[in-house]
Amino acid sequence: MARWFCPHCGQENDGNFCTACGTVMPQPLRQTSESNQVADSPQPSPFVVTFETGRHYKVHKSYVWLGPIVAVLAVAIVALANSMPGIIQGITALKDADVHVPVFAAVIGVVVGLLALYGIILAVYALAYKNMSYVFDEREFSFYSGIITKRRTHIPYARVQSVNHRATIIQRLAGVCSVSIDSAGGASNKALRVPFLRLETAERLRVDLFVRKAAIEAGMEHAVAYDPNADTASVAGAQLEAMRVQEGRAQAPIAPGALIASAPNGQVGQAATASPNALDTVGGVVGDWRGAYGGLVAGLEPASFELGLSNHELLLTSISHSTPLAIAIVLGLSFLASIGSIAFVGDSFSRTMVAFMVPIVLGTVLVSWLIGVLGTAISFGNFRARRRGSRIEVERGLLQRDFSGIDIARVQSVEIRQSLIRRMIGYCEISLGRINVGSDEAGKQNNSSSTRGLVVHPFVKIDRVDEIIDGLAPELNDRPRIEELAKLPAPAFRRSILRRCVWYNVGLYVLIALGILVVLVNGTPGGISATAARGFYGMVGIITAICVVYTIGRAVGAVFWARGSGYTWNRSYLMLFNDGLSVERVIIPRQKIQSGSTRSNPFQRRLSLTGIAAMTAAGTRSTSVKLIDVPDEVGDAYLEWLKPRH
Amino acid sequence: MKEMPANHLDPRVKNVWRINDAIWIVLIFACLAVMPAILMASHATASIGRTLLLAVGICFVVVLVVWLVVLPPIRYARWSYQVSEDYLDIAKGIVWRKRYTIPFIRVQNTDTRQGPILRAFGLASVTVSTAAHGHEIPGLQFDVAEQLRDRAAELARLAREDV
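As you go down the protein sequences, you meet chains V and Y in turn. Counting from 1, one number per residue, gives the positions in the first sequence under this note's numbering. Counting from 647, one number per residue, gives the positions in the second sequence under this note's numbering.
Among the clues, some could well be false.
[Claimed, not checked] With a cut-off of at most 30 Å between alpha-carbon atoms, the simulated BS3-like pairs for lysine-lysine come out as follows:
(1) Lys190(V) x Lys130(V)
(2) Lys738(Y) x Lys626(V)
(3) Lys738(Y) x Lys643(V)
Since the hints were derived computationally from the structure, they do not count as laboratory data.
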C-alpha cells in the first residue's frame, strides 16, 4: 500500500489508519493512481459499463467445489451430533465385549463416506454451475439457473433498489461473496440472489446495475458504452450525479460533489472517531483480506463521509447488546428456579448441593454471556458506515462480512433507540428504516438488524447523533431537533401510570396467577412439615418480591414516558418520541408516511386526548409509529398536516 | 373534534354484517356445544352436560342479540368516509374511534371485491392500498364502488412517487 499523509495531522502513514490520530485514510487517496488516468481520457458516453450487454457471464468457478464443502460440513456436523450417543454406546459395548476394532479403520470409513458425499454434491453443483449464468440486457438483468427445471429470474434495472452482498467465513477465504439484488420490496418480492461472485465482480456488478438504471431513467439505455477496462464509478458515478443534479432530480439539496469539495484536500468528512478499535487493527489484516480470488478493489465513487467504531464503542456495543444479556438472564433464572427448589428443602445434603451448584451455574451463565458478547463484537467488527454518492453503505463483520446499501431517497425513517442499559450510560443506536424484501436469507437469520432496518451506528453518545445523521444524510438537515419537542398534556401522566401498572400490566397478572397456582398446588401450609412450609413461604415471598419490583419498574417507566415523550413536525418531517425505560425516537419524512390515523377510547375522549399513528412501508410488511395521549386538536392538526399540499 | 366525513355506507351493509357475523357466531358456538353434548351422552355426566349446554345456549342468545341487533346500527352510524380531491378520509370504530387520512399520492392500487353475501345485496367493497397498508371500505353500492375505485386509481396515477 502506498504511503500517504494524514490530512488531519500530517503524520506519514502506510496503513488504513493514521497512526497518530486514527483518521481513516481518505477514499480519494486510496485510488488516485487508477482514477486519474481514466478521468483524463475523454468519454463519449456518460454511462460506461464493464459487463457487455447480452453476454452470458458465469459465476465464479469456486461455486463448484466450495459450495459443496459448506453443504458437506453442515451434514457432517449434524450427523456427528446425532450419532454421538450411538457411537459412545458402541465403543463402550465393544470395550465390554473385548473386541478391538481398529479406530484407524473407523476414521477412514467416515472420511471415505464424507468424500463420497462430497463427490455426489460436487456433481450436482457442477451441473448447476453449467446452467448458471447472468446477463445484462438492455433493460433488465437476468439470472439463469436450475438443473432440471430451468429458471430465469429477471429484474428490470428501473426496479433495482439495492444491491448487497454477503460473504461467509469460507467464502471470504476464497474472496467470493453472494450478491442479492432487491427490487421494489415487500414480503412477496424475494431478492434475486447471485451466488459466488468474486468481490471485484460483485462491486462492478453493483456499479453497473446503478449505471444502467440511471441510463434508463435518462432514457439513454442505447447509449450505454461497454468498456471492460473502465474504472466505472469514478467516471460514471460522478457524471451520473452531475446528470441528476442537472435534471433537477437530485433529492439532495446538497450535491455529493459539493460535499467533497467542501472538504479540502479530498479529506473525507469524518465523525470524530477517536481511534481505530482493536478489531480494526486485526481488520487491517482480516478486514481488507480479499481472498484468493477477490481481485483489486473496483473503482468506486469516493465516500463523502465515513465512520467506524472506536475501541470502547465496539466493546460497549457488544456488552450492552440485549441479545446475549437476555439469553444469560433467561438461563440464569431457569437455573435459579431449580436451585431454589433444592435450597428450600433445607437439609444438609441440599445445602452442599447448592454450594456446589451456585458457582457452576454462575460460571455457565457468565461464559454464555461472554460468548454472546464475543459473537456481537465479531459481527460488528471492522464496522464501516459511509456515504457514497446518493447511497448510504454499511459494511460489518470480522468473519462473515455483510455489505448493505440504501439509496437516500429510499430511507423511510431514522430511528434512534436506547435500551435500558444504553439509556443509563447515555448512548444510543441509530438505524434507518427501509423496506425489507422477503428472502430466504432474511428468514434464516431473523436478527435485529434485518428486522429493524439498517443500523448505521450501533453505539453512539446521544449528543453525537445529529453530527452522524448530518454526515450520512445531509439531506435530512431540516429535520426537527429534539429541543423542538412538544410535551404531552398533564392528564397523560395519570393515564400513563394507570395504563402501565393496572390495565396493560400483563406480566404482573401472570406472576399473580403463578403465585395462586403455587398456593393451590402446595395447599395451605397448615398440616405439613416445617421444612415444606419454609419452602412454601419462600416461594410465595419470592414471587411477591418479583411482583413488587416489576410493578415499580413499570411505574418508573410510566413516569419517564409521561415526562419525556413528545411530538413535533415541521414542513417535511414528523418526529415522535416515546420515552421510558427504553427510548425510541423516530423521524419520518412526510413523503414516507403512507397513511396517518388518530385513535381514541372513551376515557381519552372524556379528557380530549387521542393517539396518533403514522404508517410507513418500512420493514417486510409495514411499520406503524405511535404516540398516545396527545390533545385532540393536535390529532386534528396532524391529520390536516398529512393532506397533500399544492 | 373536527367534523365527520360526509358519506355513509349503503344501509344494506348492516344486513351483510348481520349475516356475516351470524355465520361466525353459529360456527363458534357449534364448536363450543360439542363438549357438553358428549358429556350428555353418558349417564354419569348428563347433568353437568345439560347445565353447560344451557350456559352455552344463553351465551349464544346474548351474543347473537348484541351482534345482530345492537351493534350493526351503531357500527353503521360510526362508519363514514369522504373522497376529497387528493385524500381519502375514513372514520370508524365504536369504542376505539379511529380516523384515517390516506393521501392519494401514496396509493399503490385500488380493488373492488364482491363476496357472495355482498353480491346478494348488490354491494361491493373497495380496498385502497398504500405501500404500507390496505384500507377497506365495505358495502358500497356496486356502481358507487366502481366510481370510487376509478376515482382513487386516477388520483393515485396523477402523482406517483417511488417509495
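Tested hints:
About 24 Å separates the Cα atoms of lysine 190(V) and lysine 130(V), which keeps this hinted pair within 30 Å; it holds. For the given pair, lysine 738(Y) sits about 18 Å from lysine 626(V) by alpha-carbon distance, which is consistent with the 30 Å threshold. Of the pairs offered as hints, the one joining lysine 738(Y) and lysine 643(V) holds, with about 19 Å between alpha carbons and a cut-off of 30 Å not exceeded.
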